[in-house]
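Starting from the structure of chain Y, add chains U, D and A where the hints point.
There are 4 protein chains.
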Amino acid sequence: MAMTGVLRPGHMQLRVLDLEEGINHYKNVLGLVETGRDAQGRVYFKAWDERDHNSLILRQADSAGMDFFAFKVADKATLEKLDADLKAYGVATERIPAGELLETGERVRFMIPSGHAIELYAEKTDVGNGMQYVNPDPWTPDAERGIAPVRLDHALLYGPDIEKVQKLFVDVLGFYLVERVLMEDGKTDLAIWLSCSHKAHDIALVRHPEPGKLHHVSFLLESWEKVLRAADIMSMNKVSIDIGPTRHGVTRGTTIYAFDPSGNRFETFCGGYQPYPDYAPITWTWEEVGTGVFYHDRKLNERFLTVVS
Amino acid sequence: MAMTGVLRPGHMQLRVLDLEEGINHYKNVLGLVETGRDAQGRVYFKAWDERDHNSLILRQADSAGMDFFAFKVADKATLEKLDADLKAYGVATERIPAGELLETGERVRFMIPSGHAIELYAEKTDVGNGMQYVNPDPWTPDAERGIAPVRLDHALLYGPDIEKVQKLFVDVLGFYLVERVLMEDGKTDLAIWLSCSHKAHDIALVRHPEPGKLHHVSFLLESWEKVLRAADIMSMNKVSIDIGPTRHGVTRGTTIYAFDPSGNRFETFCGGYQPYPDYAPITWTWEEVGTGVFYHDRKLNERFLTVVS
Amino acid sequence: MAMTGVLRPGHMQLRVLDLEEGINHYKNVLGLVETGRDAQGRVYFKAWDERDHNSLILRQADSAGMDFFAFKVADKATLEKLDADLKAYGVATERIPAGELLETGERVRFMIPSGHAIELYAEKTDVGNGMQYVNPDPWTPDAERGIAPVRLDHALLYGPDIEKVQKLFVDVLGFYLVERVLMEDGKTDLAIWLSCSHKAHDIALVRHPEPGKLHHVSFLLESWEKVLRAADIMSMNKVSIDIGPTRHGVTRGTTIYAFDPSGNRFETFCGGYQPYPDYAPITWTWEEVGTGVFYHDRKLNERFLTVVS
Amino acid sequence: MAMTGVLRPGHMQLRVLDLEEGINHYKNVLGLVETGRDAQGRVYFKAWDERDHNSLILRQADSAGMDFFAFKVADKATLEKLDADLKAYGVATERIPAGELLETGERVRFMIPSGHAIELYAEKTDVGNGMQYVNPDPWTPDAERGIAPVRLDHALLYGPDIEKVQKLFVDVLGFYLVERVLMEDGKTDLAIWLSCSHKAHDIALVRHPEPGKLHHVSFLLESWEKVLRAADIMSMNKVSIDIGPTRHGVTRGTTIYAFDPSGNRFETFCGGYQPYPDYAPITWTWEEVGTGVFYHDRKLNERFLTVVS
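Protein chains in written order, with the UniProt record's numbering: chain Y, 1 to 309; chain U, 1 to 309; chain D, 1 to 309; chain A, 1 to 309.
Here chain Y stands alone, though its shape is the one from the complex (with noise of 0.2 Å):
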């Protein structure tokens, strides 16, 4: 108990358009740690303050976006336990044998109706963060490696029938609602933030009428400071700057959009305020949208809502 089943988000399978620019991009620039590749060509990172082996996974492929997300369990018995009640809940699952990717147990996979691959998982090999487990330093020279954010935070996702993925994640899964954002017509949900824990989300989504797309993957900063540092690096690469830095009025945390040369969205994101199962769900409007994704500018961006991979 206090935290059980599903743990957090562990890895997201990311197309690229040409593997060497995704490489450069995702290790030098975004500074993450190349961890291995494997005979079929993949290429694996994990952040520097990660312990499991993986959590990004680039794939070349001739399209852009996400081939699946993961989120790790606590344990076998609850990887079991799980994907029985996803069976029992009516969903289709299939088993990914371990090591299909590398250091990576077994993975339940099945498709979610907005859409999109999830899988769950249980075993991943510890790596280690490059620090040792007997009087560490607080941080090694990758944290200051490119943009080097702390972990893989979370998604968002676009699809349809987001109310559907809802009931699942709460009632299958154990998440819970933390925010949303009304349509125009003052009760449909256009987006929903879900938590398996105390971060503001550990998964989102987007009403959107083509499924399985992704808006965007996030990395987690510890600073606003580190997050000027991220925009600075940036623009010292070259790397298309969507919005930011700036504040969501979403889970308060602050934030840059940037796309990968792939056109894959990315953020780096910091803060938001820590809720808990037991908070009332925030509500933004549809007059206040605008503020409730963007803070400061207090007005959607056209790409925010039609721009995704």
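You may find that some hints are simply not true.
You can't tell identical chains apart in this list, so a pair holds if it fits in one copy or across any two.
[What the hints assert, rightly or not] Straight line, CA to CA, 30 Å or less: simulated DSBU-like cross-link-like pairs of lysine-lysine:
(1) K27 <-> K299
(2) K164 <-> K187
(3) K167 <-> K76
(4) K213 <-> K299
(5) K299 <-> K238
(6) K76 <-> K164
(7) K187 <-> K238
(8) K87 <-> K167
(9) K167 <-> K81
(10) K76 <-> K87
In short, the hints are calculated from the structure, not lab data.
Using the frame of chain Y, we list chains U, D and A on its own:
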């Protein structure tokens, strides 16, 4: 599931020698929000960004120290289950009726081997954080009144038999060990940091011959710049600072330790990494205990090990 | 010697369309301290950490914009010498008697080729910064009332003949060129940043066909975290934000541009490197003017070149 | 005029007991850039954002301490004038030929009543700050190598007759008094802070019976977050920290004092308000000297008054 069982530290009742001095300190200097007074003369406070009615209760008494430290649990069913689990484990529990603390439901109280009274409860009235739950601003004027922490964060307790406390918190209450400091023998724990969440600690204990002592109650700040501001406000108000601003090796958090007018130590804490239950615990050896506790001074001050309330 | 001649920007008189709106904006949102009102109905303000009686004077008028921008000089002898030097240089000067502005000594006023009225003065009453000059605290409650800049920092003026303005400021008033942006021809200056100190700029000019226009008046913040706080306060108060928080390439400072209720642009600025008169000026080419002005967006917004008051 | 005469601290020659240890400390821990070695075996450094060839010169010797502390003046004519002014004031001056220090022009050296060798010079080769002077980035990788201060900021010297030093610096060199600490008699200065600019201090002195001693040489950091980073790097490298991170009451700056391997105290300093020559000086009384020096501890540590090199 996900966040289940014990959610977070919920309230601490603290004894002060002079109530008016205590109120002035916690309201005007620390900047908590006063939320009520009861028939016994106790005074209730919450941090500005907490939503539940109270997290700190002051009681005038002849000696300083802590009466009890409580955790909020997920719901009433969880409270019943944990009470049963505690009894099954051999811990005597007591029920404190709803309303004995203002706006607080029934509490389950029990003594832990270190000699501290711990409570569990499922209900406390949501009085809001001063921002509406529809289209909220990111902060309010209360966020800048006094030191203005966002929440009660954790407590560090001193007493004997901390290995028994650890076993109880891990086996019955679902906590996990995040970090520990070893004694000179290289095997006995001098201190342990336990989490029921992905906070670096929700409770910590130091081995100490005298039972039931409070080392400090800790309040969370949002940035290192707010830690500086807190130290400034302490000096402006002649608060006795124990140490800081500095960094802990343990948890990596930044910190100031200071004393309230009655001699209770409190901490304004910021940051710290976010562990999960699958993380291997970090160990600090006896030789490096100074670095572990005060990362910059790299030695304990005498007060750390001896002054408790 | 060392700091001699012209010391710093001292005051600006600004026209607002509605005095009460203007007072509310500069007092309650920007957080300046109101220090007086005169018989003409003008309202005087200073930043909390300024010691002289006023730095911003609001005058109600039918059009927004700047009446005059003034520099404090070292002493009365300096004022006399600079007046003589200006006349010798061929600049007509006018004397405004002491007391015409509250608590301000005699002023020497002259028009510069860009069509702006500039003033020099040697005396303004020291009213203190709210902290005593014996054993002061590092800041006061006024440092957290509204955005609360520490001082009037500089102004950016739009008008023709900026090369003549540069010559006058350098040859007569002792300023030096810190940075410049070139026009498409690769040799004419589009914009110049001039300093009389080791600030990155005390005054800046952009070449513009219409004379006497104000691009923005700038106020100094102490940290990037205070820039975020400023943006939050602007949004809480529905202030129209032009751009930011972001960084300038020119000066490296961090910034928000926003508009007062009358349409005068103001800046909350932080940082910037500290040049000295022996520094070679930095040049931005036409191709990189976007990066020079807004380092993260890397392009000018239309408003930057067209909206002035 | 405006910035004339003495511009800023330019270089200090420091004695170290072991040259290799000293080089390692100033290059790899403090993060200065090594710019040359001369025939005498002296090693030259500059801070990453300084443009002139050197600001710190290490010389191996049998005792730690400072050989001389130099100020850059506006130009050669200024150097001649100040030399003449010093002589007219009764100060014996010596000329050190150009080239005696690498890439440095002729120096005028003289002893001040506190027993320190002070130098003036007008020329030092501009080697750049690692960023081009056309379309520069805001910072370079050197800005994150080691502690990486942006510049040599000031020095605090210990010796007798500081009132005579003050008179010389004010009357001949154009400095002004920014702050002072009084002795127990309520009238004699224990310490003085002098500025030739709008920095809170370019040089400071503490009354001390032994002449010619160095309390600390100070290097400027850009933010309080970089002060934390500096303290972390010191601990990672086992640098002996004297005190900090903390705030000074005097100047309001934030600070860490630490020792190089030879026992020379150095400071990593940030912030401080910006005074001008028209500012009334701030006075700290004997009773509040602790608060003035260490604003949070509010008492001097014994080392502050006794340990010098």
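Status of the hints after comparison with the structure:
1. In this assembly of identical chains, the alpha carbons of K27 and K299 lie at most 30 Å apart only when taken from different copies (26 Å versus 33 Å within one copy).
2. Within a single copy, K164 and K187 get their C-alpha atoms as close as 15 Å, which meets the 30 Å cut-off; across copies the closest is 51 Å, which misses it.
3. When the C-alpha separation of K167 and K76 is checked against a cutoff of 30 Å, the pair qualifies both within a copy, at 24 Å, and between copies, at 23 Å.
4. Taking CA atoms no more than 30 Å apart as the test, K213 paired with K299 passes in both settings, with 23 Å inside one copy and 29 Å between copies.
5. Proximity of K299 and K238 under a CA criterion of 30 Å is satisfied in both settings, with 25 Å inside one chain copy and 12 Å between copies.
6. For the homomeric pair K76 and K164, the shortest alpha-carbon distances inside one copy (26 Å) and between copies (28 Å) are both at most 30 Å.
7. In this assembly of identical chains, the alpha carbons of K187 and K238 lie at most 30 Å apart only when taken from different copies (26 Å versus 41 Å within one copy).
8. Taking the shortest alpha-carbon separations for K87 and K167, only the intra-copy value of 15 Å comes in at or below 30 Å, while the best inter-copy value is 36 Å.
9. In this assembly of identical chains, K167 and K81 lie within 30 Å of each other by CA distance both inside one copy and across copies; the values are 18 Å within and 26 Å between.
10. Taking the shortest alpha-carbon separations for K76 and K87, both the intra-copy value of 17 Å and the inter-copy value of 29 Å come in at or below 30 Å.
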